[in-house]
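There are 2 protein chains.
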Amino acid sequence: MSENNKHIGVFDSGLGGLTVLKALQKQLPDESFIYFGDTGHLPYGNKSKESVVAYSMKILKFLYEKQIKAAVVACNTASAVALQALQSEYSIPILNVIDPSIHSAINYSKSQTIGVIGTETTILSNTYQTKMKNINPNIKVVAQSCPLFVPIIEEGLMNKKFAHDIVQFYLKTFQDTEVDTLILGCTHYPLFKHIIKKNLHKHIKIIDSAKATAQQASECLENNQLLLSTKKNLKNQYYVSDKPHAFNHLAKVLLNLNNIQINHICL
Amino acid sequence: MSENNKHIGVFDSGLGGLTVLKALQKQLPDESFIYFGDTGHLPYGNKSKESVVAYSMKILKFLYEKQIKAAVVACNTASAVALQALQSEYSIPILNVIDPSIHSAINYSKSQTIGVIGTETTILSNTYQTKMKNINPNIKVVAQSCPLFVPIIEEGLMNKKFAHDIVQFYLKTFQDTEVDTLILGCTHYPLFKHIIKKNLHKHIKIIDSAKATAQQASECLENNQLLLSTKKNLKNQYYVSDKPHAFNHLAKVLLNLNNIQINHICL
Numbered sequence: 002m003s004e005n006n007k008h009i010g011v012f013d014s015g016l017g018g019l020t021v022l023k024a025l026q027k028q029l030p031d032e033s034f035i036y037f038g039d040t041g042h043l044p045y046g047n048k049s050k051e052s053v054v055a056y057s058m059k060i061l062k063f064l065y066e067k068q069i070k071a072a073v074v075a076c077n078t079a080s081a082v083a084l085q086a087l088q089s090e091y092s093i094p095i096l097n098v099i100d101p102s103i104h105s106a107i108n109y110s111k112s113q114t115i116g117v118i119g120t121e122t123t124i125l126s127n128t129y130q131t132k133m134k135n136i137n138p139n140i141k142v143v144a145q146s147c148p149l150f151v152p153i154i155e156e157g158l159m160n161k162k163f164a165h166d167i168v169q170f171y172l173k174t175f176q177d178t179e180v181d182t183l184i185l186g187c188t189h190y191p192l193f194k195h196i197i198k199k200n201l202h203k204h205i206k207i208i209d210s211a212k213a214t215a216q217q218a219s220e221c222l223e224n225n226q227l228l229l230s231t232k233k234n235l236k237n238q239y240y241v242s243d244k245p246h247a248f249n250h251l252a253k254v255l256l257n258l259n260n261i262q263i264n265h266i267c268l
Numbered sequence: 002m003s004e005n006n007k008h009i010g011v012f013d014s015g016l017g018g019l020t021v022l023k024a025l026q027k028q029l030p031d032e033s034f035i036y037f038g039d040t041g042h043l044p045y046g047n048k049s050k051e052s053v054v055a056y057s058m059k060i061l062k063f064l065y066e067k068q069i070k071a072a073v074v075a076c077n078t079a080s081a082v083a084l085q086a087l088q089s090e091y092s093i094p095i096l097n098v099i100d101p102s103i104h105s106a107i108n109y110s111k112s113q114t115i116g117v118i119g120t121e122t123t124i125l126s127n128t129y130q131t132k133m134k135n136i137n138p139n140i141k142v143v144a145q146s147c148p149l150f151v152p153i154i155e156e157g158l159m160n161k162k163f164a165h166d167i168v169q170f171y172l173k174t175f176q177d178t179e180v181d182t183l184i185l186g187c188t189h190y191p192l193f194k195h196i197i198k199k200n201l202h203k204h205i206k207i208i209d210s211a212k213a214t215a216q217q218a219s220e221c222l223e224n225n226q227l228l229l230s231t232k233k234n235l236k237n238q239y240y241v242s243d244k245p246h247a248f249n250h251l252a253k254v255l256l257n258l259n260n261i262q263i264n265h266i267c268l
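Those protein sequence lines, which keep their order, are chains A and B. Per our numbering, the first sequence starts with residue 2, numbered consecutively. Per our numbering, the second sequence starts with residue 2, numbered consecutively.
Treat the hints as calculated values from the structure; they're not laboratory data. Do not rely on the hints blindly, as some may be mistaken.
Which copy is meant is left open, so a pair is good if it fits within one copy or across any two.
27 angstroms max Cα-Cα, derived DSSO-like pairs, lysine-lysine [unchecked claim]: (1) Lys111 - Lys194; (2) Lys173 - Lys162; (3) Lys198 - Lys162; (4) Lys132 - Lys244; (5) Lys132 - Lys111; (6) Lys253 - Lys50.
With these hints in hand, go ahead and build the complete structure from the sequences.
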């Protein structure tokens, strides 16, 4: 198979990464994708750094053997802790969801004070904080982990009163700060955006990584002359390491996909 | 090593099973235990039956090779879906946390209407419902899954107002029923007992499996002549498949253990 005709690999701890896949498909409609959701280890957000690196390496090995020309780590926790290990092992372009959001946020922020919300492992890794400081040492970062967001989203309870109270509980960190830009540092969180918006000052801009990541992926493929050379001829493939009850429901909500074939594989 | 001098294996998806270990240590102070918390796959409650069976088989193999004379499946989800597979593979006594609670509940209930709360996989497995009906076909069972309880407990947010609202949300199932006995069908839930109690009619008796399981384990070892024949000479051992940030905190809260050595092992 010529390099250009290969797939693009996309992986996440579970199904949140489908928000990124959706943006990628919109940006690159002719390309074919292989999605891997590591639902057997879901959630990554409270696992140790070492474990998330080990899971990510296994997944990329699996995707690489399926013939991919590039990979997108569509999970903030894995992007925060495993990217370097993945890039040092494989020579294909490996994109992540953190860098694109950071660039959007830094471009937008006038107060130079940027908020980030994410899982516990993402926030504790200090990746967002370090990367932003490296680009501009004057940037102030206010970070907050929100470990209950993923379970509430996975349970589809986003519209309950207590979900609103939980959002309020975590977001009070940003009261009385100069934050004018908030990065949703987890691919699940766009599904919670309407409630997050309600609990923030109106002037705060919300940055979600899906669209920015898709744009960066498109530029990267072009620069590496890896864009598909012929019309799309491969079907998308979907793999999960466990098939939870909620899978079909979430695939429908996230991607409007009703009849996709999901392959269950234990790595 | 003589059979009597071997350890007792105890496993759970994570740390909730430490509530059972605590009761076992109180009931059998001379025995030594090997605890395995499958924190790498935590939580089991939203994983598929097939995956929970596969994880449980791997853990029991690991414990068996460490020389155990009996095993306690200290996880309701694994007890609900994996017990038969485990018992058909190994000839040592394998106890679970469901049968002891069921016997306590049936003995107590006067209305013959028993409530059960647990994870999604436990409740969907219908194990509690089927087992109780097999003992007494007149028993009515009212079951409710509470998928947000484990994440809230693991985050230590049990005393927040929204935690109270979430308990109220799930327990309204038991309003206007004849339920006079409620089984806590998850080894995490005893840590939530004070709030669960507040949200139930005062006459409802709460059954938690830890004590009943420890009593049954003691009887089982005696009947099989497996009780320790000499004074305790082996130290307890603790293994986890991932070491989350919260581990030491939870071990301290659950077992008052400050300086235990935790071994990290990937199965």
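How do Lys198 and Lys162 come out at 27 angstroms by Cα distance, when the copy is not named: within, between, both, or neither? Classified as both: same-chain Cα gap 15 angstroms, cross-chain 22 angstroms, threshold 27 angstroms.
One pair to classify: Lys253 and Lys50, alpha carbons no more than 27 angstroms apart. Within, between, both, or neither? between (31 angstroms within a copy, 22 angstroms between copies)
Can you give me the call for Lys173 and Lys162, within, between, both or neither, at a CA distance of at most 27 angstroms? Both ways: Lys173 and Lys162 sit 17 angstroms apart in one copy and 15 angstroms across, limit 27 angstroms.
Intra- versus inter-copy proximity for Lys194 and Lys111 (alpha-carbon distance at most 27 angstroms): within (22 angstroms within a copy, 48 angstroms between copies)
27 angstroms Cα cut-off: does Lys132 pair with Lys111 within a copy, between copies, both or neither? Cα proximity of Lys132 and Lys111: one copy only (18 angstroms, versus 63 angstroms across).
Check Lys132 against Lys244 for me: Cα-Cα at most 27 angstroms, and say if that holds within a copy, between copies, both or neither. between (35 angstroms within a copy, 26 angstroms between copies)
The structure meets every hint from the earlier list without exception.
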